[in-house]
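Given chain A, work out where chain B should sit, using these hints.
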Amino acid sequence: MAYGIEVFNNNGSFQFGSEAQEGLSVIDTGTINSAATLTGLNTQNEILCLRRSTTGLVRGNLTEGTSGSFLNNSGATVDYIRLRKMTQTTPNDTANYGIEIYNSSGVLTYTSKYTRGLKLISVANIGTASGTTIYTGSLTGVYYGFGAMSYVTGSSGNTMGVANFNYTSNTISVIFERYYPDPFGNPITISHSSQSSLLILARN
Amino acid sequence: MAYGVEIYNSSGELILSDTTKTASIIVSGVTTLTSPTTGSGGVYTVISSSINFPGLTASNTTEYNFWTTAQGGGGGFGTLEALIFNRGSGTFTIEYRAFSPNVTKVVRWWGIRY
Numbered sequence: 001m002a003y004g005i006e007v008f009n010n011n012g013s014f015q016f017g018s019e020a021q022e023g024l025s026v027i028d029t030g031t032i033n034s035a036a037t038l039t040g041l042n043t044q045n046e047i048l049c050l051r052r053s054t055t056g057l058v059r060g061n062l063t064e065g066t067s068g069s070f071l072n073n074s075g076a077t078v079d080y081i082r083l084r085k086m087t088q089t090t091p092n093d094t095a096n097y098g099i100e101i102y103n104s105s106g107v108l109t110y111t112s113k114y115t116r117g118l119k120l121i122s123v124a125n126i127g128t129a130s131g132t133t134i135y136t137g138s139l140t141g142v143y144y145g146f147g148a149m150s151y152v153t154g155s156s157g158n159t160m161g162v163a164n165f166n167y168t169s170n171t172i173s174v175i176f177e178r179y180y181p182d183p184f185g186n187p188i189t190i191s192h193s194s195q196s197s198l199l200i201l202a203r204n
Numbered sequence: 205m206a207y208g209v210e211i212y213n214s215s216g217e218l219i220l221s222d223t224t225k226t227a228s229i230i231v232s233g234v235t236t237l238t239s240p241t242t243g244s245g246g247v248y249t250v251i252s253s254s255i256n257f258p259g260l261t262a263s264n265t266t267e268y269n270f271w272t273t274a275q276g277g278g279g280g281f282g283t284l285e286a287l288i289f290n291r292g293s294g295t296f297t298i299e300y301r302a303f304s305p306n307v308t309k310v311v312r313w314w315g316i317r318y
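Just so you know, the protein sequences line up as chains A and B, in that order.
If you're matching positions, the first sequence starts at 1 in the working numbering and goes up one per residue.
If you're matching positions, the second sequence starts at 205 in the working numbering and goes up one per residue.
Excised from the complex, chain A in its bound form (with noise of 0.2 Å):
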């Protein structure tokens, strides 16, 4: 970087600096209830981050879009934060101190004027393998913020499944699978990884 700021944390991950194009703020949270559907989604401009408070699956159908919606198919409740860029939404605290920082185009790309933060746990890379625990540690406050999602009932009464994640007491695991009919109805499985990074992320 031939000028600007960049910081790192304690332990060297990257915290924010001037040469991103912007950040990652929480502009909502809620639950939605099994079998119902989040609507109002913008898929170009935020990430769906969801966690259960039981154990089980969560699954369900992510449809892209600037009027995108997530079908819950999970059986439970699950719980939602939605992070949307920073060029995208207005801060939410009015007091006239903090931090800014803004990239060589004027534009902002980190600012400690929202009420809330949000902590990156870790991230899982491109490539995850199905079956793989990408978080292990208390899940209180622990959401995960993933790529594709697909969960439907077919016309032939089978399902086609792209990406369920599976809570334990203490661990998320990712399943990457698919499902389709043989000639006779009956399902085939196909196990895939993942394509999208996958972050496991809480508020501050």
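Errors might be hidden in some of the hints.
To be verified - Simulated pairs of lysine-lysine, DSBU-like, Cα-Cα distance not exceeding 35 Å:
no.: 1; chain 1: A; residue 1: Lys119; chain 2: A; residue 2: Lys85
no.: 2; chain 1: B; residue 1: Lys309; chain 2: A; residue 2: Lys119
no.: 3; chain 1: A; residue 1: Lys85; chain 2: B; residue 2: Lys309
Stated by the list, open to error - With the Cβ distance kept under 10 Å, some of the chain A side facing chain B (calculated, not the full set):
no.: 4; residue: Asn9
no.: 5; residue: Phe16
no.: 6; residue: Leu48
no.: 7; residue: Leu83
no.: 8; residue: Met149
no.: 9; residue: Ile175
To be verified - Per label pair, the in silico range of CB-to-CB distance:
no.: 10; chain 1: B; residue 1: Val310; chain 2: A; residue 2: Val107; range: 23 to 33 Å
no.: 11; chain 1: A; residue 1: Thr140; chain 2: B; residue 2: Ser244; range: 49 to 59 Å
no.: 12; chain 1: A; residue 1: Asp28; chain 2: B; residue 2: Val310; range: 35 to 45 Å
no.: 13; chain 1: A; residue 1: Thr189; chain 2: B; residue 2: Gly246; range: 52 to 62 Å
no.: 14; chain 1: A; residue 1: Tyr102; chain 2: B; residue 2: Ser244; range: 43 to 53 Å
no.: 15; chain 1: B; residue 1: Thr241; chain 2: A; residue 2: Ser138; range: 51 to 61 Å
no.: 16; chain 1: A; residue 1: Gln88; chain 2: B; residue 2: Glu267; range: 16 to 26 Å
no.: 17; chain 1: B; residue 1: Gly292; chain 2: A; residue 2: Phe8; range: 18 to 28 Å
no.: 18; chain 1: B; residue 1: Asn264; chain 2: A; residue 2: Thr29; range: 29 to 39 Å
These are computed hints drawn from the structure, not numbers from a lab.
Glycine included, every Cβ here is placed at the ideal spot set by N, Cα and C.
Frame of chain A; chain B shown alone:
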């Protein structure tokens, strides 16, 4: 703390600690790819033009990576299609492998540093 930045909001709540890392978006965009009419071995591959991603290298996967909500098979054996981010030095391409011609894939992608 030894070094780094701690930030508190006006309520005194810690919103950025010296052990916190964050996800910053370096580049983002929407790329539309359509599989070609001619394939090889039953696979129809299309690769985007080169896209800038400052700081990206072929190997720094623990700090620079990609986020997408587009569905693909991940490139593994036996999958019906694949969506692959080909890493370069400061640039990348997006590769889409379909099993049919003229299949259009809209890829919303973010290049993230964390």
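Is 16 to 26 Å a correct range for the gap between the Cβ atoms of A:Gln88 and B:Glu267?
24 Å, holds
Pairwise beta carbon distance, A:Asp28 to B:Val310, judged against the given window 35 to 45 Å
At 24 Å between Cβs, range violated.
ask   = Holds or violated: is the Cβ of A:Met149 closer than 10 Å to a Cβ in chain B?
value = 8 Å, holds
- Task: Take the C-beta atom of A:Tyr102 and the C-beta atom of B:Ser244, compute their distance, and say whether it sits inside 43 to 53 Å.
- Result: With Cβ atoms ~47 Å apart, the hint holds.
Legend entry - Interface hint compliance - A:Asn9 to chain B, C-beta minimum distance less than 10 Å: The hint holds - A:Asn9 has a Cβ within 10 Å of chain B, the shortest such distance being about 5 Å.
Report holds or violated for the interface hint on A:Ile175, using the least CB-CB distance to chain B and a cut-off of 10 Å.
13 Å, violated
Distance restraint hint 23 to 33 Å, applied to the beta-carbon atoms of B:Val310 and A:Val107
25 Å, holds
* **Hint status (Cβ of A:Phe16 to nearest Cβ of chain B, threshold 10 Å)** => Holds: closest Cβ of chain B sits about 6 Å from A:Phe16, inside 10 Å.
Sort out whether A:Lys85 lies within 35 Å of A:Lys119, counting only the CA atoms.
15 Å, holds
Subject >> Status of the given 18 to 28 Å range, CB of A:Phe8 versus CB of B:Gly292 >> reply: Holds, since B:Gly292 and A:Phe8 (Cβ atoms, about 24 Å apart) stay within the stated range.
* Asked: Quick one, are B:Lys309 and A:Lys119 close enough, alpha carbons at most 35 Å?
  -> 32 Å, holds
A range of 52 to 62 Å was offered for this pair. Does it hold for the Cβ distance of A:Thr189 and B:Gly246? 22 Å, violated
When held up to the earlier numbered hints, the structure conflicts with 9, 12 and 13 and fits the remainder.
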